[in-house]
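S.K.: Sequences listed follow chains A and B, in order.
Heads up: the first sequence at position 285 corresponds to 285 in our numbering, and the numbers run straight through without jumps.
Heads up: the second sequence at position 90 corresponds to 90 in our numbering, and the numbers run straight through without jumps.
Accuracy of the hints is not assured; some may be wrong.
Claimed, not checked - Straight-line C-alpha distance at most 25 Å; calculated SDA-like pairs for lysine to any residue:
1) A:K61 - B:S185
2) A:K285 - A:T274
3) A:K207 - B:S10
4) A:K174 - B:W190
5) A:K172 - A:V25
6) A:K174 - A:S199
7) B:K51 - B:G9
8) A:K172 - B:I180
9) B:K85 - A:G422
10) A:K61 - A:P77
11) B:K85 - B:E48
12) A:K376 - A:L475
13) B:K85 - B:E117
14) A:K448 - B:T34
15) B:K179 - A:R27
16) A:K248 - A:P185
17) A:K207 - B:R32
18) B:K179 - B:W190
19) B:K90 - A:G54
20) A:K174 - B:E128
21) B:K85 - B:D148
22) B:K85 - B:L54
23) A:K61 - B:L167
24) A:K61 - B:A197
Said to hold, decoys possible - Residues from chain B that face chain A, not an exhaustive set, calculated with beta carbons under 7 Å:
25) N18
26) P26
27) E45
28) R96
29) D169
30) V170
31) V199
Hints are computed from structural coordinates only; laboratory data are not their basis.
Since the structure is predicted, the reported quantities are computational estimates derived from the model, not experimental observations.
No residue lacks a Cβ here, since even glycine has one placed at the ideal position from N, Cα and C.
This is what each chain is made of:
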Amino acid sequence: MSPTPHESEGTAPRTLAQKVWDAHVVRTGGQQPDLLYIDLHLLHEVTSPQAFDGLRQAGRKVRRTDLTIATEDHNTPTDNLFTIADPTSRKQIETLRANCEEFGVRIHSLGDENQGVVHVVGPQLGLTQPGMTVVCGDSHTSTHGAFGSIAFGIGTSEVEHVLATQTLPQAKPKYMAVTVNGSLPEGVSAKDLILKIISITGTGGGKGHIVEYRGQAIEELSMEGRMTVCNMSIEWGAKAGMIAPDEKTAEYVKGRAHAPQGEDWDAAVEYWQTLKTDEGAVFDKEIVIDAASLSPFVTWGTNPGQGVELSGTVPAPEDFEDPIARTTAAGALEYMGLEAGTPMREIDVDVVFLGSCTNGRIEDLRTAAEVIKGRKVAESVNMMVVPGSAKVREQAIAEGLDKVFIEAGADWRFAGCSMCLGMNPDQLTPGQRAASTSNRNFEGRQGKGGRTHLVSPAVAAATAVTGHLASPADL
Amino acid sequence: MDKFTTHTGSVAPLRRSNVDTDQIIPAVYLKRVTKTGFEDGLFAEWREDEKFLLNQPEYRNSTILVTGTEFGTGSSREHAVWALKDYGFKAVIAPRFGDIFRGNSLKNGLLTVELPEAAVEELWLRAELHPESEVTVDLVECEVRAGDRTWSFEFDEFLRWRMMEGLDDVALTLRDEDKIAAYESNRDAWRPRTLPAQV
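In isolation and in its complexed conformation, chain A is listed as follows (with noise of 0.2 Å):
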């Protein structure tokens, strides 16, 4: 019998990445880019109509069905599981129905417990695990890196090529450590550490890399934790975030929907120890942050690398050497209407946002709700919270979640992309601030003329309930 790809390369020390890249590499060598083998193919509505357009203008069929999945996300709904109002939005799930219906395509639709943001949805069915290949339209792809697997967002054109080949072309990338050693304080999470992370970076700093997370503080964060870091990877540009697989890892995928099971799962398992780079294997860059000097993080300005201590100030454009950094932040504080020197916690907030691909699963929820129980919602904020998946939505009625939110006033929505993106019914309003749990500030993204500003759950609870941006310590 021929070795399984991953048993055929040579024993020079290699990172993780490299053990999962070289598993995957179907043809390389000559002026052509590696050609990788995709393990698992994420669909939603909005980047893949035209893909399916293209298979059909070929007169071709999508070539693995079986490691395809679809769900509706980003155009859906969040008060209701039954009424698209925007005829164009409708268009577009209506069309994502009708191409997995023709292609084959396993889908799951409103309505269905499976449905939800894309990136919750593929781990909870046990589909990503460790050492896969994991592609969809979608930026935030890179969350699935937090299971030792290589993911990452691609544009439509590549959607289509996956769609017909279940490979893609890919240049070789460059691998990156981000160590992060000790251990994160308390009331310090995987989101403040992330937001951190980029401010150092900036948006561009990991362009070209695959970035491997790594040290104690890391180890020692939750499967959803773990997440919420790969997420972010793309907000510093890099092409993929990782993380080794453990037990914790193993522990997380068992008895899910698609988890191997019995002898498959020990030969799985066998395969998954071996997920983690060698001694003496080398990382092209090293950054290396002490979680002990951490507390928690917020953002400030219109791009995720604008990011502050909540206990500090918002900054002054002269703060900055670099002239770019400094124009790009003179333009930001414009945007955001905020004056430098003002300290974060004076920042009054209109809107708060509790969900996403960022921070939408159950462990967000949880912590957001053990900050708000038997405490109210400030008058002037809106609160919003909305579970990750249709699932998470249920194991949190069932914990009693819903009533928690509920109480307090904030408002308890169903499953979707919602304020994350101004796509759906959800969005801000001009003028608008929010504290939000999600990943993107710019200029726009959570509605026209909306200002956000990208908090952790535990802080976004704490904001909801004093109006302007706090933690649970300031409570």
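Following the hints, position chain B against chain A.
M.R.: Same frame as chain A, but now just chain B:
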């Protein structure tokens, strides 16, 4: 895909950095299921301001966008490339691009060229002083030329060939269909499958 060899046109000098794909085309414009007709979404929010660059008559017919660093970061939406193309841009020059945007552009015949900050600054100044002056972006020679100035740029040899020939990636890959099939026959049996559905 359209072939790209060389293009000469006037420059729109966009003095902004960190222009993410949400700025290039806001999400509300992503609902179409076609590949064309996205020009109305290009920089939609900025274009509401009559002072915005593209609303100036002298830049209305520009075909080369010259912009600051980190252009096209953020969302993977290929609609950003379609919007630039549909509006009439043939090439974008910046010190650095977001990876996914760059990949998308080259699959759609929109040439994205990386030049150093100083070259971008010079191109901005020229376009501001002489909006009608023309610039040539030459993929054959890997050069940008403006008047008596010439800048060379680096470009991956394979991507350059694909762009100059206007080749379709899927067709290229399917030449290696036997290799894909061979890989598939060796995949571990325990790898997850979406079908039959287990819930």
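S.K.: If a hint holds in the structure, say so; if it does not, say that too.
M.R.: Evaluated hints:
no.	hint	in the structure
1	A:K61 - B:S185	19 Å, holds
2	A:K285 - A:T274	23 Å, holds
3	A:K207 - B:S10	30 Å, violated
4	A:K174 - B:W190	29 Å, violated
5	A:K172 - A:V25	11 Å, holds
6	A:K174 - A:S199	21 Å, holds
7	B:K51 - B:G9	22 Å, holds
8	A:K172 - B:I180	19 Å, holds
9	B:K85 - A:G422	23 Å, holds
10	A:K61 - A:P77	31 Å, violated
11	B:K85 - B:E48	20 Å, holds
12	A:K376 - A:L475	11 Å, holds
13	B:K85 - B:E117	24 Å, holds
14	A:K448 - B:T34	24 Å, holds
15	B:K179 - A:R27	7 Å, holds
16	A:K248 - A:P185	21 Å, holds
17	A:K207 - B:R32	30 Å, violated
18	B:K179 - B:W190	21 Å, holds
19	B:K90 - A:G54	22 Å, holds
20	A:K174 - B:E128	38 Å, violated
21	B:K85 - B:D148	28 Å, violated
22	B:K85 - B:L54	14 Å, holds
23	A:K61 - B:L167	20 Å, holds
24	A:K61 - B:A197	20 Å, holds
25	N18	5 Å, holds
26	P26	6 Å, holds
27	E45	5 Å, holds
28	R96	6 Å, holds
29	D169	5 Å, holds
30	V170	5 Å, holds
31	V199	5 Å, holds
Hint compliance for this structure: hints 3, 4, 10, 17, 20 and 21 are not met, and every other hint is.
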